[in-house]
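> For reference, the chains in residue letters:
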Amino acid sequence: MIEWSEQHLMIRDAMRRFVEAEIKPRLEELEHGDTPPYDVLRKMMRTFGLDEMARLRFAKRIAREKAVEAARARGEDVPVEPAHEADGATDGGAGMQLIPIIELCRYCPGMVTAMGVSVGLTANAILSKGTIAQKERWALDLFTLEKIGAWAITEPGSGSDAFGGMKATARRDGDGYVLNGQKTFITNGPYADTIVFICKLDEGNDPKERKVLTFVLERGTPGLTQSKPMRKMGLHSSPTGELFLDDVRVGRDHLLGETEDGPARSGAKATFTMERTGVAAMALGIVEQCRERSIDYARTRVQFGRPIGEFQLIQLKLAKMEVARMNLQNLVFRLIEMAAAGKSMELAEASACKLYAAQAAMEVALEAVQLFGGNGYMAEFQVEQLARDAKVLQIYAGTDEIQVSQIARSLLAG
Amino acid sequence: MKILATVKRVPDPETSIKVKPDGSGIVTDNVKWVINPFDEIAIEEALRIKEKVAGSEVVLVSIGGNAAPNDVKEQLRTGLAMGADGAILVVTDAALEPLVVARALAKLVETEKPDLVVMGKQAIDDDSNAAGQMLAELLGWPQATFASKVELSGDQKSATVIREVDGGLETLRFPLPGIVTADLRLNEPRYASLPGIMKARKKELKEIPIGDLEKAGLDVSGRTQLVKMEPPPKRQAGKLVESVDQLVELLHTEAKVI
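Protein sequences, first through last, are from chains A and B. No gaps in the numbering here: position 107 of the first sequence is 107 in the working numbering, and each next residue is one more. No gaps in the numbering here: position 115 of the second sequence is 115 in the working numbering, and each next residue is one more.
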């Protein structure tokens, strides 16, 4: 793929019009008020038929799984279809998912985060590990955004070392479990209806040897407290919160997969890969917007009697922005091509992709602020918001430092 | 029932327009092209009727080029992605005046036999506001222009149209087939949905060389000629006045408006 197809461009144009009509005029309240992003996101899903597509895809997948289960029950040996091949290049391919991300990120990277955590992380966690009944109960409503999901792993004492330092526990209690613990920096935490909660099974053994279990919690469960949105540097259109679990009792039907013996971290690599590649599309949206705004400004802002675009130091900034945009777009093209071929990136490549994308977005956004000078520091010109938002790309979904170590580990292995 | 909806390609209203130095037209490099916004409203209305009346069909019609730089196919595909069933493009690179456009549409109406033609009240590029009225005259069909509401009778034999006229609303009822031209407040056009965009690829986009219509009797000779295009005069700097008297004096002697 060397350029966007005509269909991609149609999707982009439609999405861009929607974003400019529905989000741009409300940026102030979404970024600086306390208006949650979900109504706008739902409207987007409905407007573009994404909810209907999700329903169809889900129905197909469940039907297939039920057929496999029935065949197994009859004693037939059914090969497991790899998920990405089965779901992968459904009409439109990966471009369908990536273009909305790019377009939203021109104004609201926070919205992508809120949507991505609900659909990408939470719903997909249930889809990859849950029983068919659990998928039907929780996943579909998350895919259509009728319900909002949160994926809770980070704790006050465990970030990059998520499993090592994890304190949240599950204790067996009759046929169910009692859950305790505290989670923080949870995207959608304040408003989530469905929460995927990751903790360790406490059998009185050494915490290092405990099994990792994943539960699904519903809003309003006794003992579960969801905090108000936390104040943060940027990404204000994505509500972030804390979760407190105080003797939360759940039945076995809330344990994902309904077994303690599932491979604990299965799907984690696929999840990380998906998250990380999504960051490339986010970075592209941020970079495109900063670049376009900067070009306009360089053309029209006059100092010392000429447009500042005539000064070489400004030209250098614009050229660097263009290089970053080209690189990111090529990464996105590669992602679309790979998905169409039924492949997904190895974790190390996804890490490299994410590391570059996050740094490029941060650098370009800061350069845009600098190019705009005093205006860049003011909220009116939007680049300061994108600069604050871009910073999170270097921190969440694995910090730059974690990406570096994963790339290096793969280089040095073998 | 069968509905024809017209599509004209125009520069995006958000684009800043520059006139060519020789006055022969506008600079089209880097112009983003869109469906004429009033035509978009016409398409939406056609689709809404289709959704209400089972078995209906919406066909888009356009006149223009089929290759860069005059390619209209992209706008037609967008209309198909919104939900139209098919599209017809009369291929010509010539800029046609409204009467020729109306004659060409009349030829298409002969072969397509629609029950209703919905058009934008005008195109936002030349603002002629004429093709719809001329088409009605050529066909001898009833017309309702500047529609802000369209309703079909239960048997789909007639239409009731509310028009925004100076000082109020006018309600017209006429038998079908007929022509409706869409005003701004008729509806809010939908976005092309993603499944719609995917499906648009498989829909028929029929190209008819304008020569074929000429063989069938279309007269492409025009009566008007574009003499010159010029940008509006640059705005002059304002002037502060000391008093109301001086203002009145200057409006009289300098601006000569009173």
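Simulated from the structure, these hints should not be mistaken for laboratory data. Fair warning: this is a prediction, and the values are worked out from it, not measured in the lab. C-beta atoms are modelled at their ideal positions from N, C-alpha and C, and glycine is treated no differently. Some hints could be false.
[Said to hold, decoys possible] Some, not all, of what chain B presents toward chain A, calculated at C-beta under 10 Å:
| # | residue |
| --- | --- |
| 1 | 74 |
| 2 | 78 |
| 3 | 113 |
| 4 | 193 |
| 5 | 196 |
| 6 | 197 |
| 7 | 211 |
> With reference to the structure, classify each hint as holding or not holding.
Evaluated hints:
{"no.": "1", "hint": "74", "verdict": "holds, 7 Å"}
{"no.": "2", "hint": "78", "verdict": "holds, 6 Å"}
{"no.": "3", "hint": "113", "verdict": "violated, 30 Å"}
{"no.": "4", "hint": "193", "verdict": "holds, 4 Å"}
{"no.": "5", "hint": "196", "verdict": "holds, 7 Å"}
{"no.": "6", "hint": "197", "verdict": "holds, 5 Å"}
{"no.": "7", "hint": "211", "verdict": "violated, 27 Å"}
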